[in-house]
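Chains A, B, C and D, in that order, give the protein sequences. Heads up: take any position in the first sequence, counting from 1, add 390, and you land on the working numbering. Heads up: take any position in the second sequence, counting from 1, add 390, and you land on the working numbering. Heads up: take any position in the third sequence, counting from 1, add 390, and you land on the working numbering. Heads up: take any position in the fourth sequence, counting from 1, add 390, and you land on the working numbering.
Honestly, I wouldn't trust all of these hints.
Distance condition first, Cα-Cα at most 25 Å in a straight line; then the derived SDA-like pairs of lysine to any residue [claimed, not checked]: (1) Lys690/D <-> Phe592/C; (2) Lys641/A <-> Asn597/B; (3) Lys651/A <-> Asp445/C; (4) Lys577/A <-> Phe592/D; (5) Lys664/A <-> Asn597/B; (6) Lys641/A <-> Lys691/A; (7) Lys651/B <-> Gln441/D; (8) Lys639/C <-> Gln441/D; (9) Lys431/A <-> Phe592/D; (10) Lys576/A <-> Gln441/D; (11) Lys664/A <-> Asp426/C.
Hints are computed from structural coordinates only; laboratory data are not their basis. These numbers were taken from a predicted model, which means no experiment stands behind them.
Protein chains: 4
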Amino acid sequence: MSINVCIFGVSGYTGSKLLYYLDKHPNVNVAGAFGDSSAGKTLGEVFPNLQNCSDIKITDFKKFNFNKIDLIFSCLPHGKFQESVIKMLNPKIAIIDLSGDFRLDSKKDYENFYNCIHKSMKLQNKFAYGLTEVNRENIKKSKFIANPGCYPTSILIPIIPLLKEKSLKIDDFIIDSKSGVSGAGKKAITQNLFSELSGNFFAYGINKHKHYPEIKQEIDTINNKVSLTFTPHLLPVISGIQSTIYFEKKKKLSEYKNVLKEFYQNEYFIKILKDSDIPTLNNVKNSNYLHMNIFSDQSKKRIIIVSCIDNLVKGAAGQAIQNMNLMFDFNEQESLT
Amino acid sequence: MSINVCIFGVSGYTGSKLLYYLDKHPNVNVAGAFGDSSAGKTLGEVFPNLQNCSDIKITDFKKFNFNKIDLIFSCLPHGKFQESVIKMLNPKIAIIDLSGDFRLDSKKDYENFYNCIHKSMKLQNKFAYGLTEVNRENIKKSKFIANPGCYPTSILIPIIPLLKEKSLKIDDFIIDSKSGVSGAGKKAITQNLFSELSGNFFAYGINKHKHYPEIKQEIDTINNKVSLTFTPHLLPVISGIQSTIYFEKKKKLSEYKNVLKEFYQNEYFIKILKDSDIPTLNNVKNSNYLHMNIFSDQSKKRIIIVSCIDNLVKGAAGQAIQNMNLMFDFNEQESLT
Amino acid sequence: MSINVCIFGVSGYTGSKLLYYLDKHPNVNVAGAFGDSSAGKTLGEVFPNLQNCSDIKITDFKKFNFNKIDLIFSCLPHGKFQESVIKMLNPKIAIIDLSGDFRLDSKKDYENFYNCIHKSMKLQNKFAYGLTEVNRENIKKSKFIANPGCYPTSILIPIIPLLKEKSLKIDDFIIDSKSGVSGAGKKAITQNLFSELSGNFFAYGINKHKHYPEIKQEIDTINNKVSLTFTPHLLPVISGIQSTIYFEKKKKLSEYKNVLKEFYQNEYFIKILKDSDIPTLNNVKNSNYLHMNIFSDQSKKRIIIVSCIDNLVKGAAGQAIQNMNLMFDFNEQESLT
Amino acid sequence: MSINVCIFGVSGYTGSKLLYYLDKHPNVNVAGAFGDSSAGKTLGEVFPNLQNCSDIKITDFKKFNFNKIDLIFSCLPHGKFQESVIKMLNPKIAIIDLSGDFRLDSKKDYENFYNCIHKSMKLQNKFAYGLTEVNRENIKKSKFIANPGCYPTSILIPIIPLLKEKSLKIDDFIIDSKSGVSGAGKKAITQNLFSELSGNFFAYGINKHKHYPEIKQEIDTINNKVSLTFTPHLLPVISGIQSTIYFEKKKKLSEYKNVLKEFYQNEYFIKILKDSDIPTLNNVKNSNYLHMNIFSDQSKKRIIIVSCIDNLVKGAAGQAIQNMNLMFDFNEQESLT
């Protein structure tokens with residue numbers, strides 16, 4: 391079986407990564423690609439190493455015939471998709487949206503943190519949150535997926551099993567995350583120039599980052615008494631996210647580690663490192679893996695979890711492919727290994 | 391007035407940075423330089439852009455006549471200086487040691503965290519801790535200075551004024567620090583190769599870093615009930631340290647900021663940024679400044695301080711120059727601006 | 391059909407890249423892996439993302455039973471393989487050597503440029519030079535392959551077709567090449583540290599680089615009257631080689647381009663860019679492609695060819711896989727696309 | 391004696407570097423600063439580490455009173471200055487223009503290579519070409535300086551003495567240059583984003599770069615029979631230019647080297663390295679030095695010169711300061727060492 395897919399925002403970093411995986415997927419036929427900055431060119435002209443879909447022309451979606459399309463991926467920046475695009479689409483076609491447009495249940499949070507009006511809020515409850523390993527059954531049954539943010543993926547996968555284990559009594563997280571530059575997209579802005587970022591490092595969005603309410607919302611569904619501090623930082627690397635997660639130690643280290651091991655024991659893409667091995671960006675780069683390990687600090691009062699993903703893969707395009715594979719009953723790992 | 395100085399370990403990253411400042415200091419005459427890897431060469435051959443001391447030969451200190459030397463800088467890796475070198479030196483000559491050999495009062499901590507035997511422990515109490523802005527009066531009176539570690543400098547300068555203000559009731563710090571690679575020195579080890587680190591990022595020494603007991607000791611002298619979690623990470627940049635410091639918010643943000651502003655109001659090298667400006671590595675690179683700012687997190691339950699220094703300058707050679715300037719009654723900023 | 395292979399020097403950059411391709415090759419069973427620095431561990435412990443061969447233990451080749459081995463890859467540094475290892479191997483087993491040990495016909499050149507004695511020179515003439523697209527028929531028939539150097543691959547593929555076309559009368563090349571750091575291998579030497587190379591750039595081996603006689607030898611087989619100037623430079627990137635090749639323009643630009651297009655018209659991995667598109671390292675990274683294009687300079691007196699490859703793939707492991715595929719009659723592109 | 395200066399385009403990379411040197415110059419008072427992107431702010435707000443001129447406000451030059459100004463620096467991108475700005479200035483005020491607007495005698499070349507109309511061509515012959523070490527006497531007498539381009543500086547300093555020595559009979563140069571990204575300025579364009587350039591490398595402007603006619607013009611004034619091939623490349627580093635220069639060897643290597651040594655024997659900022667030491671970007675970074683050395687290639691048929699400068703210092707702001715020092719009879723090295 392084979393499906394026809396199309397991509398909005400194909401020329402950005404997420405869009406082109408997604409295209410790379412779709413191009414080699416045996417059950418996928420890339421039938422359409424839309425993008426302002428490269429409209430008129432073929433995919434092969436923009437991405438010279440494609441194997442199968444290099445002849446597809448990048449067009450204006452308004453002139454595209456969606457009749458045979460089974461699945462739409464949107465890699466548009468947040469705002470654009472919910473504001474206008476989604477209303478023009480045939481509601482029978484499945485959607486995986488990689489922006490933050492349909493992740494938040496609260497209109498107020500969306501408008502406050504994303505700084506724009508939400509004009510399709512009534513569609514919100516049709517979207518399942520696509521955190522694959524945590525929400526697999528829901529994803530399988532859903533037609534519309536809000537693919538998780540990159541920071542939330544690196545954070546929620548480690549903490550959700552621990553939060554669900556009530557005996558661990560976790561009530562407070564401090565999360566210090568560091569992301570590669572591609573997470574900011576391909577916008578031409580001075581602050582993302584090579585000369586500004588090479589050799590540099592800094593925190594940003596300290597008390598108001600778009601991913602804060604997303605992480606908080608998913609924590610709240612398990613325990614809304616938990617407090618959250620989240621500080622993102624910008625690393626001078628192209629891709630990769632590392633999150634260092636701190637919380638109070640109330641049990642032996644092994645108990646926390648066992649909860650994680652059990653929860654993810656059958657998960658191909660989640661690796662809990664052994665002993666005191668430390669996850670690194672290098673070991674997850676260009677892969678759909680999340681690597682994590684868990685430690686006790688020197689004071690014996692705190693637990694530290696370190697997790698690493700590639701923000702463009704497990705944190706975006708890779709997880710989107712994983713979700714597509716679930717939705718269409720393909721092998722979940724197809725084209726990702 | 392002019393003094394004669396010599397440097398142990400001149401060819402490492404700290405040693406060469408120190409030499410750069412000494413070379414242009416109007417009150418300093420570089421009279422000797424010792425270093426294994428470049429012995430026999432002149433300083434000018436190893437460092438082509440020196441102005442004044444390029445003809446000094448790098449020699450074996452055992453054959454050097456220390457008679458006219460006023461001050462010795464040691465940039466040797468920890469262990470070497472306390473194990474053997476210091477015993478061969480004339481005890482009348484002043485010393486600024488940039489290693490960790492004489493920072494810790496506890497022999498046990500030193501041997502546990504530095505993984506080597508301390509053979510000059512009875513000299514320990516002659517050394518003043520060279521955290522300039524905090525310990526200035528002591529440094530002025532001392533003949534022997536243990537120059538602080540780079541991480542501790544980035545951390546203690548922000549937190550000591552707050553700890554001293556008892557009404558803030560701080561009892562617990564979580565500190566997430568990130569350092570450039572030069573902090574690891576110039577040793578030829580696989581893990582510090584360009585191909586291993588470029589594009590990479592990871593935590594290390596999670597529950598056993600050499601700088602942990604140094605930070606803890608300085609906190610303890612103010613309040614030994616305070617708990618400390620400290621996680622260092624390696625950044626793919628040559629120089630710079632950023633520390634993100636978390637603790638419980640018990641007062642209004644402005645009260646914390648005012649304590650810092652007052653404590654450092656006359657300090658040339660300590661900048662507390664205004665509003666919610668965020669410190670960056672770029673803004674402190676190649677300077678002796680520490681930049682910091684203080685924030686409240688989204689949950690309003692925590693205070694976040696971000697501080698940045700150049701690990702080779704304020705975190706090592708620059709602070710050593712500042713201490714020398716104090717000890718010999720030169721202008722404290724001489725050659726540092 | 392499936393073959394058993396083993397790898398010498400598996401833990402270096404070339405060895406691990408080769409392993410990555412072998413691991414996913416449907417006709418290959420990795421049966422042995424040898425390497426000093428990681429002996430005793432399994433491949434999975436050293437390379438956490440392997441799919442199939444992660445249980446293979448890294449051992450000492452002297453204790454290994456080669457009975458069932460069909461093909462040996464050597465990723466040892468030059469010298470080691472010819473000096474001792476090759477003599478202990480069963481001469482019936484096929485070999486692909488990725489070092490420079492069996493590329494040069496001239497013992498004198500080898501010893502002069504590689505700075506070591508050649509002790510297996512009588513085996514030299516059994517080795518075919520593995521420049522796949524140029525020497526395909528020879529490679530198919532050979533049991534022993536000297537896999538080309540990275541610089542020579544980036545240079546010979548563009549120039550050989552032009553040299554063979556006698557009417558172009560090329561008699562002189564100036565070649566300015568730039569290579570990523572991984573080309574220098576994983577040796578722990580100070581000059582390859584991150585702090586030495588990040589932000590740096592320089593020429594090296596200006597008049598005595600190991601790859602000079604290799605390029606010259608291959609040119610000489612076509613026309614030994616051609617003169618060659620070759621200057622390698624070190625780029626602050628992990629992988630990739632770019633060569634800028636200059637020679638006198640004696641015909642119209644299109645005549646040169648047509649020669650190249652015709653020669654490589656059926657080659658999957660050789661891309662001659664259209665119009666005046668310029669090859670970039672990014673477009674060949676992690677691929678077995680060589681991208682090139684050809685230009686006339688402003689003075690209209692010279693032709694400039696620019697070529698790019700990934701030094702670890704087309705310049706080493708990828709071309710080795712391509713050669714293996716030819717030798718064992720697999721699909722030439724197998725596991726490389 | 392002290393002069394009042396003002397800067398156009400202060401917030402770009404060249405402008406801010408220039409400001410750094412002017413700020414510490416004992417004979418200079420920065421009296422005005424103009425720049426679109428940071429208008430309204432003080433210099434201290436934009437550049438936090440300034441010592442003396444941090445209170446100067448960045449304004450609109452049209453509202454500025456130039457009465458007391460002795461010298462204007464223009465760091466505007468090419469085009470802007472000649473098109474309109476220069477006509478509004480009092481012609482009695484000295485100017486150092488760091489753009490390419492007044493470097494070319496040929497209107498046709500300017501308009502062809504810079505792709506814009508020249509509207510102040512009659513002012514062209516008032517400008518002296520500011521290649522300090524070559525054109526010092528002219529610069530001293532001139533009121534208007536066209537500061538050289540970064541590539542031309544790295545190339546002309548090595549080749550001019552050799553061209554002037556007619557007995558060397560040089561008639562042809564091939565120049566392969568590599569520049570850091572800051573040379574492209576601070577424009578927010580996609581191709582200069584960190585994610586596009588980190589780990590990347592490529593040639594550009596292969597047969598039509600703005601600096602080609604500038605290099606050619608200066609060569610022609612000595613010998614207009616010399617042919618020139620010039621290929622610039624973009625390095626993934628912030629600052630630095632390396633040029634590798636090739637020409638036919640007709641004499642012994644030492645004869646070429648002696649010509650260079652003699653020509654530059656009294657020059658503080660020009661270093662001809664000894665033996666076969668190779669210049670590196672690291673050794674000239676943040677300095678006004680040009681490092682070069684000269685080699686014979688393996689074939690003994692060609693001479694290779696390698697030169698390195700910091701494109702923002704000797705290639706722009708540093709050389710501008712050197713020229714100002716000459717024009718106003720200050721110590722030529724003032725504030726540059």
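Status of each hint after checking the structure:
no.: 1; hint: Lys690/D <-> Phe592/C; result: holds (22 Å)
no.: 2; hint: Lys641/A <-> Asn597/B; result: holds (17 Å)
no.: 3; hint: Lys651/A <-> Asp445/C; result: holds (21 Å)
no.: 4; hint: Lys577/A <-> Phe592/D; result: holds (22 Å)
no.: 5; hint: Lys664/A <-> Asn597/B; result: holds (16 Å)
no.: 6; hint: Lys641/A <-> Lys691/A; result: holds (10 Å)
no.: 7; hint: Lys651/B <-> Gln441/D; result: holds (20 Å)
no.: 8; hint: Lys639/C <-> Gln441/D; result: violated (56 Å)
no.: 9; hint: Lys431/A <-> Phe592/D; result: holds (22 Å)
no.: 10; hint: Lys576/A <-> Gln441/D; result: violated (37 Å)
no.: 11; hint: Lys664/A <-> Asp426/C; result: holds (23 Å)
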